[in-house]
Amino acid sequence: MKTKTQTKVREPLPFFGVGRLLPYLAPYRSALLTILSLGAVASLFDTVLPLLQQYALNHFVEKKTLDTLAPFILAYLGVILCAGLVNYISTTVATAVEMRFGRDLRRLAFDRLQTLSLSFYNQNSVGYLHARTMSDTSRIGTLVSWSLLDLVWHSTYLIGAAVIMLILNARLALIVLSVVPVLSLLLAFFQKRLTAAERDIRELKSEITADFNEGITGAKTIKSLAVEDKMCRSFYADTAQMHKKSTRAAAMRGAFSAAMQFASSVAIALVLWHGGVLAAHEVGTFSAFMAYAQGMTEPVRWLVGAISALISTQVNIERLTDLLHTEPDAADTPEVIEKYGDNLAPKTENWEPLRGDIAFCDVTFRYPDGEENVLEHFSLQIPQGSHIAVVGETGAGKSTLASLICRFFEPTSGKILIDGKDARTRSQLWLRKNIGCVLQTPHLFSGSIRDNLRMGKADATEEEIRAALCAARADGVVDRLPDGPDTDVGEGGDLLSTGEKQLICFARALLSDPKILILDEATASVDTLTEQKMQSAMTEICKGRTTLTIAHRLSTVQDADEILVVRDGKIVERGRHTDLMRAGGYYSALYKKQFEYESAAKILKGN
Amino acid sequence: MDTKIHSENGASAAARRKTRRRLFARFLQRAKRWFLLAVLAAGASALCDMLIPQIVRITLDNCLSNAEVPSPAVTSVADALGGFAYIAKHLYIPALLICILAGVQMLSHFLFTVGEAHGAETLVKNMRDALYEKMLALPYAWHQKHRTGDMISRCTSDIETAKNFISEQLTNIFRTLLLLVFSAVFMFSMHAPLSWIALAPMPILVFVSLLFHGVIERGVTACDENEGILSALAQENLTGVRVVRAFGQEKNEIDRFAAQNHLYTELWVKMGKWISAYWCGTDVLSGIQVLLVLVFGSIFCIRGGLSSGEFIAFLSYNAMLVWPVRELGRMLSEMSKAGVSLDRIFYIMEAEAERDETDACTPPLDRDIVFDHVSFAYTENKPILSDINLTVKAGSTLGILGATGSGKSTLTLLLDKLYDLPRECGSIHIGGVDIRDIKTSYLRKNIGLVLQEPFLFSRTLRENIAIADDGVGEAQIEAAVKAAALDGAVANFANGYDTVVGERGVTLSGGQKQRTAIARTLTTKKPILIFDDSLSAVDAETEEKIRAAISARFGKATVILISHRIATLCAADNIIVLKDGKITEAGTHEDLKCAGGLYQKIYHAQNRKEDTANEDENAD
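Taken in sequence, the protein lines are chains A and B. Counting from 1, one number per residue, gives the positions in the first sequence under our numbering. Counting from 1001, one number per residue, gives the positions in the second sequence under our numbering.
Only chain A is shown next, with the shape it has when bound in the complex (with noise of 0.2 Å):
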């Protein structure tokens, strides 16, 4: 899915939007600074190799003595054992760095996606914010870490390796070091077409996925429209494509890495033949021309690479950071805050009994993202202990009266009174805590059951926990579970059937005897058993609450006190059943349609 954010066309922040992250960074400051010095040693220790290489051969070699041999061994192994153990050290720190930075950030993200409106979540799409969540802070993580590390490591060598050939041989130095600015120009050229190559890339991958996709969940339809031949002809064409770009692109990357092989080929050739005479009286230095030569196009590929991470990271960062800075849109004000506390430190020892009187004073609403009120002037009375419906076809908009109960949304104009008084005049959590609430997908989270239920009230005992199964009808389920209440119900509840975990929910929404019951779509997406399970207990369940029941099935809500019937997002009747009938309008015409099935269904099932 599409979201406007992702379309946004951005500009080059500067520092490729590294600056954005320092106020995250400052508890890394040491370890940032552990990085850099032991990296730069690190890499000053690989340096000084080769010189001890050229000793070996300018001094053993040529004067052909061994009398330095063992401190020479001893120094040589000295050299290896620190800089293993200064790069342990300092890649140690880097991927601490990278993960717990990371770690900050998702959590960050996290947290304020927990404070955030819904009207947040409706223009951004859930694979768009659990991007952020997830992938932006690891990249960014490795960014910050291991970018750094290869940035300081790879210059310090190139400068190391520098100064010794400068001292070494001044004019062999310049020549060698020539090659550097080609072959970094070089690299940028490739670099730049590689990363959009890729990207196209990853693009079609996804495409191939959807197919494939596509192709297995709509086998059914494809066979029966024998099209199986058209299908596959344009997955071919898909797959074509990927051959394509791929090859396209590894004949690229041949090139790139082919021409690298070649500038240090041609760094070597320029050492043998500029410093060919050097080999006469000191082989030693020439080798380490040769070596120094060779050793210098792995740090100049790396430090484009690090180069190119920063360009490429630059988006995360900046779409991090909009989230971290995106201010939620119906809180509390600061004075209810003061007085019931916030959605995480509550102040419950102040919070007021809540009767169940709702009310709606001419109210208008407007989707933030909307463009059109879909209420005006709405005003409506749900007093303690009725019963009011919601009804409309699919996708008709009916969940709005309920999202402006539970302050999903806050009225754009005009208000809403609970038990008498402004809702925003109270907490947010206080009214929530206060509601229960069974939606059309059932939603549970990983673990178990009894975790599950006690969402609805944290401190609830065995008993009232059974009693809420009991009431919702769902003590069968819990009974046939091989651990009861404590059996896991896996990822999002998936271990149990859409059913099973409907009822579960409406058990949770009873757990804490909940003043106002909102019921959702709550038997749209199950199945006949469950809904016949569920309806007979609701009479039981409403005795006593304001419930508010949002429904397409008309069957379910007769008895209603009242029922508003949306079409196109706006009401356009309400009044009691028979009344609604009577007038024979938009209501009775549904009526009449589900009327029919309904009854065939009972029949042929009843017999």
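Hints listed in this document are in silico derivations from the structure and should not be mistaken for laboratory results. Careful: at least some of the hints might be erroneous.
[As the list claims (entries may be wrong)] Ranges between beta-carbon positions, derived for each pair:
1. D483/A x E1380/B: 26 to 34 Å
2. A240/A x R1147/B: 24 to 32 Å
3. S37/A x T1075/B: 51 to 59 Å
[What the hints assert, rightly or not] Heads up, incomplete: computed chain A residues facing chain B, CB under 10 Å, no partners named:
4. I80
5. L129
6. Y236
7. R253
8. F256
9. S264
10. V271
11. F286
12. S287
13. L344
14. R407
15. K592
[As the list claims (entries may be wrong)] In the DSS-like style, the derived pairs of lysine-lysine whose C-alpha atoms are separated by at most 27 Å in a straight line are:
16. K593/A x K1482/B
17. K1482/B x K230/A
18. K245/A x K1163/B
19. K205/A x K1032/B
20. K245/A x K1134/B
21. K433/A x K1251/B
22. K192/A x K205/A
23. K593/A x K1579/B
24. K1601/B x K602/A
25. K1579/B x K602/A
26. K457/A x K1251/B
27. K205/A x K1337/B
28. K592/A x K1593/B
29. K593/A x K1545/B
30. K1439/B x K230/A
31. K1134/B x K230/A
32. K1032/B x K244/A
33. K1582/B x K602/A
34. K1382/B x K602/A
35. K1545/B x K592/A
36. K593/A x K1601/B
37. K1382/B x K220/A
38. K339/A x K1251/B
39. K1145/B x K230/A
All C-beta atoms in this analysis are idealised placements derived from N, C-alpha and C, irrespective of residue type, glycine included.
Please build the complex by placing chain B on the supplied structure of chain A, with the hints as guidance.
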């Protein structure tokens, strides 16, 4: 689970090996020549790698000093270039030679990459195409038995693993071995004892890296699992945001996420230590190996038998070897992964596809359809249809009424050959021809099957409607859309017929989807039409319009209508009521409405409804 299904496949090991060989041959089509190119180019590239240090050595040993007696071949080449002394004065000559060799090396390296990429990509394309084709060729029953997510991951990530193995590991292993062999040859030709010293630590290096990778692999798996849990927590929270808010669970969610976030992070930090230890440890080991070569090389130089030029060449070869050898451990440890992925891919490839009889025919289908003693069960002992005998006259309409699970959909799926009717379970004939003998694609092309929850493709509305026939023109599409009463909806879309629908496009309502599916069926004339509850989301008025349009367009098509709505069924020439896989009532609307069965009850219930509404009205 896999192994179980494997054994169910029942193929003997030998037969399976044979099919696998055949499949491999198919996958390798047009890829082999590229791989051959890659192999040759890799050889050439490695040879150049080897020759460059030799030029340096000869220049040092023979031109700039007289450390060694040159071989006759070297002398003759040198003489051709002006003799050793001349070269010593004009060092650009060997430098140029190096550049030429480097050029050849560059070219061959480039060719290697291109060959390898073309080979691997062709192979992957072959695999993907074969898998996709297979997916569509597998019987519907097979699809029913397998989980979508698992199949998709076999088609995507397993292919990816297999590809990475072929394009990265396999070629790298090959190149490393080539490099090892070549440099061993050159090193031994210069100085055997020093070569032994240089090569002896290599197995240790490979062994150590294998050892580490065992540990690291396990650790990384644990990290991946924990990352999966963390990612699932975020996913769960984001999709369940309404529940989180409604129950005021923000704090719990934050705590839960933070705990897992921490666990995952620290696991990686610990892993990071192992990985660092691996790199630094092998760094030190290879450093020691270089030291050994340096020390013994120096000794051999002093004692004679090794010239300084040879020594430098030796050091160059050595530098070339250390890195790839260290990587060898990683590659070997990843080989096992690819094996598992290949198995998972072959599992699909080896499944039995739908197949027509060799002499499958294409008879006219505007004939009587006869179900002759048809019984069917998806799983043993749970019959879904038992002994159905039924004739649908050509050009007539059959109405079917039945509860969910009564077998009414199965009946139509059998007719469309989406399920194969076993020989011993009766037969279905069209115009006297057993449908088992009719070409499957011909049969399906001529039966318009509209499902209750139709599947739309992620394409434009136009492409969706025209999908069954490439030759469909604009006029036909518009007529079909009109017949399906979809024209109003199309006019409301911003992009009209070019609106992308389906999974990645605009979400259509249930009724719109059904009408799109009907339009898709109506583009061309079909002798048989089946509506499997496919007007359920359409209101009565629209349904009437659609039905009128269909009979106007198709005249005497044979129609099978499944519905719960008596008003829909009553016009049918013949109506059956299915219950538990048996026909319990059959006849016309007039017959059944007073037959005292389920049909009559439903008829009364659905008509009484209006009476009740009227009664209510009167009562008030």
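Going down the list of hints, with the structure as the test:
1. In this structure, D483/A and E1380/B meet the distance hint of 26 to 34 Å, their C-beta atoms being roughly 31 Å apart.
2. Between A240/A and R1147/B the C-beta distance comes to about 29 Å, which sits within the given range of 24 to 32 Å.
3. The hint said 51 to 59 Å for the Cβ distance between S37/A and T1075/B, and at roughly 54 Å that hint holds.
4. Contact between I80/A and chain B, as hinted, is supported at the beta carbon level, the nearest pair being about 3 Å apart and thus within 10 Å.
5. Here the hint on L129/A is kept, as its CB sits about 5 Å from the closest CB of chain B, short of 10 Å.
6. A cut of 10 Å between beta carbons decides the hint on Y236/A: the least distance to chain B is about 6 Å, and the hint holds.
7. Interface restraint check for R253/A: the shortest CB-CB distance to chain B comes to about 6 Å, inside 10 Å, so the restraint holds.
8. The closest approach between the C-beta of F256/A and any C-beta of chain B is roughly 9 Å, which is under the 10 Å cut-off, so the hint is satisfied.
9. Because the closest C-beta pair between S264/A and chain B is about 8 Å apart, less than 10 Å, the hint holds.
10. Taking 10 Å as the C-beta contact cut-off toward chain B, the hint placing V271/A at the interface holds, the least distance being around 9 Å.
11. Because the smallest distance between the Cβ of F286/A and any Cβ of chain B comes to about 7 Å, under 10 Å, the interface hint for this residue holds.
12. At a threshold of 10 Å, the smallest CB-CB gap from S287/A to chain B is about 5 Å, leaving the interface hint in force.
13. The interface hint given for L344/A is met, as the beta carbon of that residue sits about 5 Å from the closest beta carbon of chain B, less than 10 Å.
14. Interface restraint check: R407/A against chain B, minimum CB-CB distance 9 Å, threshold 10 Å, status holds.
15. A hinted interface residue such as K592/A counts as satisfied when its beta carbon comes closer than 10 Å to some beta carbon of chain B; here the least separation is about 7 Å, so the hint holds.
16. Proximity of K593/A to K1482/B is assessed by CA-CA distance (about 23 Å); at most 27 Å being required, the pair is judged to hold.
17. Between K1482/B and K230/A the alpha-carbon distance is near 25 Å, which keeps this suggested pair within the 27 Å criterion.
18. The suggested pairing of K245/A with K1163/B holds, with an alpha-carbon distance near 16 Å, which does not exceed 27 Å.
19. With a C-alpha separation of about 24 Å, the suggested pairing of K205/A with K1032/B holds against the 27 Å cut-off.
20. A hinted pair counts as satisfied when its Cα atoms are at most 27 Å apart, and K245/A with K1134/B qualifies at roughly 25 Å.
21. Simply put, K433/A and K1251/B have alpha-carbon atoms about 13 Å apart, close enough for the 27 Å limit, and the pair holds.
22. With a C-alpha separation of about 20 Å, the suggested pairing of K192/A with K205/A holds against the 27 Å cut-off.
23. Using a Cα cut-off of 27 Å, the hinted pair K593/A and K1579/B holds, with the two alpha carbons roughly 23 Å apart.
24. A distance of roughly 10 Å separates the Cα atoms of K1601/B and K602/A; the hinted pair therefore holds under the 27 Å criterion.
25. Of the supplied pair hints, the one linking K1579/B and K602/A holds, its CA atoms being roughly 13 Å apart against a limit of 27 Å.
26. Restraint check for K457/A and K1251/B: satisfied, since their Cα atoms lie roughly 14 Å apart, inside the 27 Å limit.
27. Our distance criterion of 27 Å between C-alpha atoms is met by K205/A and K1337/B, whose separation comes to about 21 Å.
28. Restraint check for K592/A and K1593/B: satisfied, since their Cα atoms lie roughly 20 Å apart, inside the 27 Å limit.
29. Distance hint between K593/A and K1545/B is fulfilled; the C-alpha atoms sit about 16 Å from each other, no more than 27 Å.
30. Simply put, K1439/B and K230/A have alpha-carbon atoms about 18 Å apart, close enough for the 27 Å limit, and the pair holds.
31. For the suggested pair K1134/B and K230/A, the alpha carbons sit about 14 Å apart, so the restraint of at most 27 Å is met.
32. Pair hint K1032/B plus K244/A holds up; C-alpha atoms about 17 Å apart against a cutoff of 27 Å.
33. For the hint linking K1582/B to K602/A, the alpha-carbon distance of about 19 Å falls within 27 Å, and the restraint holds.
34. Our distance criterion of 27 Å between C-alpha atoms is met by K1382/B and K602/A, whose separation comes to about 23 Å.
35. This hinted pair checks out: K1545/B and K592/A have alpha carbons roughly 18 Å apart, not beyond 27 Å.
36. This hinted pair checks out: K593/A and K1601/B have alpha carbons roughly 17 Å apart, not beyond 27 Å.
37. Taken as a hint, the K1382/B and K220/A pair is honoured in the structure, with Cα atoms around 23 Å apart against an allowance of 27 Å.
38. Annotation: proposed proximity of K339/A to K1251/B holds, straight-line Cα distance about 19 Å (limit 27 Å).
39. Annotation: proposed proximity of K1145/B to K230/A holds, straight-line Cα distance about 25 Å (limit 27 Å).
Going through the hint list in order, the structure satisfies each hint without exception.
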